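Enquirer: On the provided structure of chain L, position chain X as indicated by the hints.
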Amino acid sequence: MKYYRSHILIGINETSIAAGVQGFILALRKELGKVGLSDEINLLETGPLGFFGKGICLTVYPENIHYENVKIEDVQELVEEHFLKGRPVPRLILEASSKFQPQFNYKKRIVLRNSGLIDPESIDAYLGTGGYEAWEKALLNMQPQQIVEEVKASGLRGRGGAGFPVGLKWSFTAPLEAKQKYVVVNADEGEPGTFKDRLIMEGDPHQLLEGTMICARAIGATKAYIYIRGEYKLCIMRLQKAIDQCRAYGIIGENIFDSGFDLDIEIKIGAGAYVCGEETALIESLEGNRGHPRWKPPFPGVKGLWQAPTVVNNVETLANVPYIIANGADEFKKHGTPECSGTKVYTILGDVAYPGLCEVDMGTPLRTIINDYAGGMKKGFKFKAALVGGAAGVILSDRLLDVNMDLVSLDEYSAVLGSGAILVMNEHQSIVDILWSILRFFRHESCGQCAPCKNGTQLLYRLINKIKKGEGTMDDVDMMITVAETMQYTSFCALGQSPIMAVRSAIENFRDEFIAITKE
Amino acid sequence: MVNNVNVWIDGKEYEVPENMTIIEAADKYGIYIPRLCYHPDLPPTANCGVCVVELEGAPVPKRACCTPVAQGMKVVTNSLKLRSYRKTLVEMILSNHEVVCPTCVANNKCELQTLANNMGIDPYALPNIVSEKEVDLSSYSIIRDPKKCISCGRCITVCNEVQTVYALTNSARGIESEITTAFGRGMALSPCVNCGQCTVYCPTGALRERSEVDDVWDAILDPDKHVIVQEAPSIRVSLGEEFGLPLGTVTAKKMYAALRKIGFDSVMDTNFTADLTIMEEGTECVNRLKAGEKRPLITSCSPGWVKFMETYYPDLADCVSTAKSPMSMFGVLSKTFYAEEHNIDPAKIVSVAIMPCTAKKFEARRPELRDSGYQDTDYVLTTRELLRMIKEAGIDFANIAEEEPDEGMSFYSGAGTIFGATGGVMEAAIRSAYTLVTGEELENIDICAVRGFEGIKEATINIPGFGDLKVAVAHGLGNARKVMDRVRASLAETGESPWHFIEIMACPGGCVGGGGQPYGNDIASRARRGLALYEEDCSLPVRKSHHNPEVQRIYEKYLGAPNSPLAHKLLHTNYFKRSISDGSVVSEATKKH
Chain L
1382 MKYYRSHILI
1392 GINETSIAAG
1402 VQGFILALRK
1412 ELGKVGLSDE
1422 INLLETGPLG
1432 FFGKGICLTV
1442 YPENIHYENV
1452 KIEDVQELVE
1462 EHFLKGRPVP
1472 RLILEASSKF
1482 QPQFNYKKRI
1492 VLRNSGLIDP
1502 ESIDAYLGTG
1512 GYEAWEKALL
1522 NMQPQQIVEE
1532 VKASGLRGRG
1542 GAGFPVGLKW
1552 SFTAPLEAKQ
1562 KYVVVNADEG
1572 EPGTFKDRLI
1582 MEGDPHQLLE
1592 GTMICARAIG
1602 ATKAYIYIRG
1612 EYKLCIMRLQ
1622 KAIDQCRAYG
1632 IIGENIFDSG
1642 FDLDIEIKIG
1652 AGAYVCGEET
1662 ALIESLEGNR
1672 GHPRWKPPFP
1682 GVKGLWQAPT
1692 VVNNVETLAN
1702 VPYIIANGAD
1712 EFKKHGTPEC
1722 SGTKVYTILG
1732 DVAYPGLCEV
1742 DMGTPLRTII
1752 NDYAGGMKKG
1762 FKFKAALVGG
1772 AAGVILSDRL
1782 LDVNMDLVSL
1792 DEYSAVLGSG
1802 AILVMNEHQS
1812 IVDILWSILR
1822 FFRHESCGQC
1832 APCKNGTQLL
1842 YRLINKIKKG
1852 EGTMDDVDMM
1862 ITVAETMQYT
1872 SFCALGQSPI
1882 MAVRSAIENF
1892 RDEFIAITKE
Chain X
3 MVNNVNVWID
13 GKEYEVPENM
23 TIIEAADKYG
33 IYIPRLCYHP
43 DLPPTANCGV
53 CVVELEGAPV
63 PKRACCTPVA
73 QGMKVVTNSL
83 KLRSYRKTLV
93 EMILSNHEVV
103 CPTCVANNKC
113 ELQTLANNMG
123 IDPYALPNIV
133 SEKEVDLSSY
143 SIIRDPKKCI
153 SCGRCITVCN
163 EVQTVYALTN
173 SARGIESEIT
183 TAFGRGMALS
193 PCVNCGQCTV
203 YCPTGALRER
213 SEVDDVWDAI
223 LDPDKHVIVQ
233 EAPSIRVSLG
243 EEFGLPLGTV
253 TAKKMYAALR
263 KIGFDSVMDT
273 NFTADLTIME
283 EGTECVNRLK
293 AGEKRPLITS
303 CSPGWVKFME
313 TYYPDLADCV
323 STAKSPMSMF
333 GVLSKTFYAE
343 EHNIDPAKIV
353 SVAIMPCTAK
363 KFEARRPELR
373 DSGYQDTDYV
383 LTTRELLRMI
393 KEAGIDFANI
403 AEEEPDEGMS
413 FYSGAGTIFG
423 ATGGVMEAAI
433 RSAYTLVTGE
443 ELENIDICAV
453 RGFEGIKEAT
463 INIPGFGDLK
473 VAVAHGLGNA
483 RKVMDRVRAS
493 LAETGESPWH
503 FIEIMACPGG
513 CVGGGGQPYG
523 NDIASRARRG
533 LALYEEDCSL
543 PVRKSHHNPE
553 VQRIYEKYLG
563 APNSPLAHKL
573 LHTNYFKRSI
583 SDGSVVSEAT
593 KKH
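Quick mapping for you: the protein sequence lines, in order, are chains L and X. According to my numbering, the stretch in the first sequence is residues 1382 to 1901, in order. According to my numbering, the stretch in the second sequence is residues 3 to 595, in order.
Possibly wrong hints are sitting among the right ones.
[Said to hold, decoys possible] Reference listing, derived: stretches of chain L covered by chain X, where coverage requires no fewer than 3 residues with Cβ under 8 Å from a Cβ of chain X:
#1 1814-1827
#2 1863-1870
[What the hints assert, rightly or not] Cβ-Cβ distance ranges computed for the label pairs, FRET-style:
#3 Q1527(L) to T496(X): 54 to 62 Å
#4 N8(X) to Q1527(L): 33 to 41 Å
#5 Y126(X) to K1489(L): 27 to 35 Å
#6 Y126(X) to K1900(L): 15 to 23 Å
[Stated by the list, open to error] With a straight-line cut-off of 16 Å between C-alpha atoms, the simulated EDC-like cross-links for lysine to aspartate or glutamate are:
#7 K255(X) to E406(X)
#8 K64(X) to E1866(L)
#9 K1900(L) to E1866(L)
#10 K83(X) to E1866(L)
#11 K89(X) to E1866(L)
#12 K135(X) to E180(X)
Hints are computed from structural coordinates only; laboratory data are not their basis. Model, not experiment: these values are computed from the prediction. The beta-carbon is built from N, C-alpha and C at its ideal position, and this holds for glycine as well.
Chain L with its partners taken away, still in its complex shape (with noise of 0.2 Å):
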């Protein structure tokens, strides 16, 4: 094998692709050879790195050091001054690598342990981490009964937002006696401001394809399918990639490594509607039908794709599975708090001085990932807000910063984790701007389908635009939570029954702008 001196990961996103890093990378890479250093320095391209730098951005070790936001016209520079004579350009350094380190800290990652260190395009990279071991050993050494046994052992729960126990699920489709049993995996991230599970895909796809693995054979399904929003398209070409190297190897397939078992996985673009992430309306569009949720019972893990038993789980959800059956579940429960096992992936972003990516254990303090993964609040700037946890999600003031950030600690607030995203605001932020910003969303997003949701999205959306321009009353205010309740109550989806919260949340921490806004 060769040896290199130092490896540059550059991290290929839609960010850094919209910044042209095709481009720079042929530029480096002629650099390189231009000095000579060709066999000296290895260029990795890679997925996310972890942290969420402006434009192109690139981490060389076993320096350790970050540069973000480089362009092509720094490639010289770069090379001279870096690679050739050992001297990192202190301009492109990423300040947050010296301030923030627990980002950058490998080892208490799960999901996104190998996220930026290995190619996600090169199959034997990800074998080269101890990849597909897990998948091995679920299908070779542990009975399915066993697996669902040691992911309810590990206490993991679903990442995408209701947060149910996951070997659970698992556990009533696993003993259905049925022709065909189906595997979702639900990559139809909606929720605003989330994007983790794009980075996970970007940075990691077999991981994911591992734990959808795990998962087909826990219940005895033969194939998989991956429903994923249509603007992910590195996403899809890399899961693309990955799906067909498995292939390959053999990894899925017929009678996979002489088991008997056969697996098979399959991507489905979705047209990008949000109440297509809710399970039942994501079935429905996997069958090539309008997204309209349907109602449960029955489960779909009793009747659900085709009415076929089908179990549906986030992409976070199932790329924690393999570390699960690789380590066990013991390994896996020191992450976390007890009631909620393991790590979270988070997306920061806001009015942080870094916004990005982190992953955390469950229970972490949401005044520590702010301060510690986010780099703080931006210079000149205060914490006045957080909307945790998307559009469907809880805004929280001040006064829940030290919550620990976990199902458990959360619903003592009447707040959720939701799909893992952190939306900071600043003391200058409008609070009836965020929520008519969210309103509108739901406005815009409901199916239609049934008369609370359609109705009621557009009732809030009508009164908050009359609070904005100051044309409203605290009547109206008051009326906004009479009409959110009843569509909690009412709706027939999680989409309808969503807005309560940020509504609730607004006013009753935040009343005193809505006193201020409105006529007497």
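Expert: Frame of chain L, contents of chain X only:
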């Protein structure tokens, strides 16, 4: 084998079959759960949310219409919270509904109005969010008014799942979503067959017939016009409901009196041409049987069915009887035979039909149905429209003195009257076909095998000299589709049809359940109306079409014999192949008659 489970509803224990939903269980024991989109005839659409109930252990209320009962389930149907949510919810639905109750056709029949009224709801409690959407006036039969639509989805269910016509669907999202036809082109440019079942199940006035009441009043009040009216068999058993008469009261003679009082110049009866249809169709059937025809003969009275056949089964159009429907036979005779006999210029005759049917409005406008030289039938009123005329005229229908119809085209047999119920045409045809084949009279004329509400009924009747006559009866287009698929497959495989003679009615229950029948037109009342027709049949002096003296007279004086050249010219028609996408004529499916 369905097991029973024990559920507690509002603290009391009940034993119910495990395959029931909560609302079915509650209804069984007379416990009322408020509802709006739920209808016992249809699978639940679960769209409105009004029927939510609290379940012990469930964090949010559940819809009673689609939540199955379970052993030990504890249901609360009313509480402070539930009542408050339901009120707000109905306010929310009203906020997106054009509240024009006084002039709405559904006034006093509207399920939303009733619910809101019962709950004491202020329709203006919430801001009005009705959006400007165009009323679909494209169809001759049905108007679709999105501003009154509450998106309950019943029309989609009945159109797609019961009738399998697939004309209606959801489009767009959220507040912009609308129940509409494909590409929003309008009912007239869709596969809609005008059966009107959507108007029957619409809880509001969003789907309704296209009214021709004003045109009919104009004709009546025009001294130059001679307005002749005919009434379909099933009308006489549904008119009384609106005036407090028991369901299934036969009101033929009150109907004649009311029509005369409204001002029609000549009051006749479609039942007469129903008997005539039996003579024409029966003769056609017997001739085919005698010729050893392997393809079946299928009835052609139901205009919804005819358009459905032209759209989905044009390859089998040659199997459908060429006989016109009773309405169209009456229409053409009113401007030929009647005009000549009474020496009236047919140009001055306005022929009006009272039908239980919205599709008849479409049929009347078929360009091929102008064999009198004029549009054979000028206006078609549904039962609901006639009810409005009776009320506008201030007639006390329940107490009006009975009158006889005018003579010439109004006498009818029991065979003619049972046309209005599923299986009736078949039974009427058998009564006469038996005589046509054997020359003898059928003794036991109650052919119970083809009666009743089973979706597809089959029977075998032994006719001496012919052998076993195999017949099938289907009502509701979903059942028609099953029968036609079997015929098509059987013809392709063996060249023979499983049945010799098939009756098909577009609407479940036949005409008694037609799309133009009075509100409250559920399966149970359809069954009662149907029974009333059989009761009238039993009470009539003549029960076979070929014994109808007026039918005998018209053949003697005018038409000659059944299937004569003149009968063929006036009383038979031909069919077309239609586009599945927009219902327009693609080509001729059978030769011009």
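Enquirer: Next, verify each hint and record whether it holds.
Expert: Against the structure, the hints come out as follows:
With 4 residues having a beta carbon nearer than 8 Å to a beta carbon of chain X, the region 1814-1827 of chain L meets the requirement of three or more and the stated coverage holds. With a threshold of 8 Å between beta carbons, the proposed coverage of the region 1863-1870 of chain L by chain X holds, since 6 of its residues qualify and at least three are required. The supplied range of 54 to 62 Å is met by Q1527(L) and T496(X), whose beta-carbon atoms lie about 56 Å from each other. At roughly 38 Å, the beta-carbon separation of N8(X) and Q1527(L) lies within the given 33 to 41 Å, and the hint holds.
Checked against the given bound of 27 to 35 Å, the beta carbons of Y126(X) and K1489(L), roughly 58 Å apart, lie outside it. A hinted range of 15 to 23 Å for the beta carbons of Y126(X) and K1900(L) is consistent with their spacing of about 20 Å. This hinted pair checks out: K255(X) and E406(X) have alpha carbons roughly 6 Å apart, not beyond 16 Å. Restraint check: the Cα-Cα separation between K64(X) and E1866(L) comes to about 15 Å, which is no more than 16 Å; the hinted pair holds.
Proximity of K1900(L) to E1866(L) is assessed by CA-CA distance (about 24 Å); at most 16 Å being required, the pair is judged violated. Between the alpha carbons of K83(X) and E1866(L) the distance comes to roughly 10 Å, so the proposed pair stays at or under 16 Å and holds. Restraint check: the Cα-Cα separation between K89(X) and E1866(L) comes to about 12 Å, which is no more than 16 Å; the hinted pair holds. Proximity of K135(X) to E180(X) is assessed by CA-CA distance (about 9 Å); at most 16 Å being required, the pair is judged to hold.
The earlier numbered hints that this structure contradicts are 5, 9.
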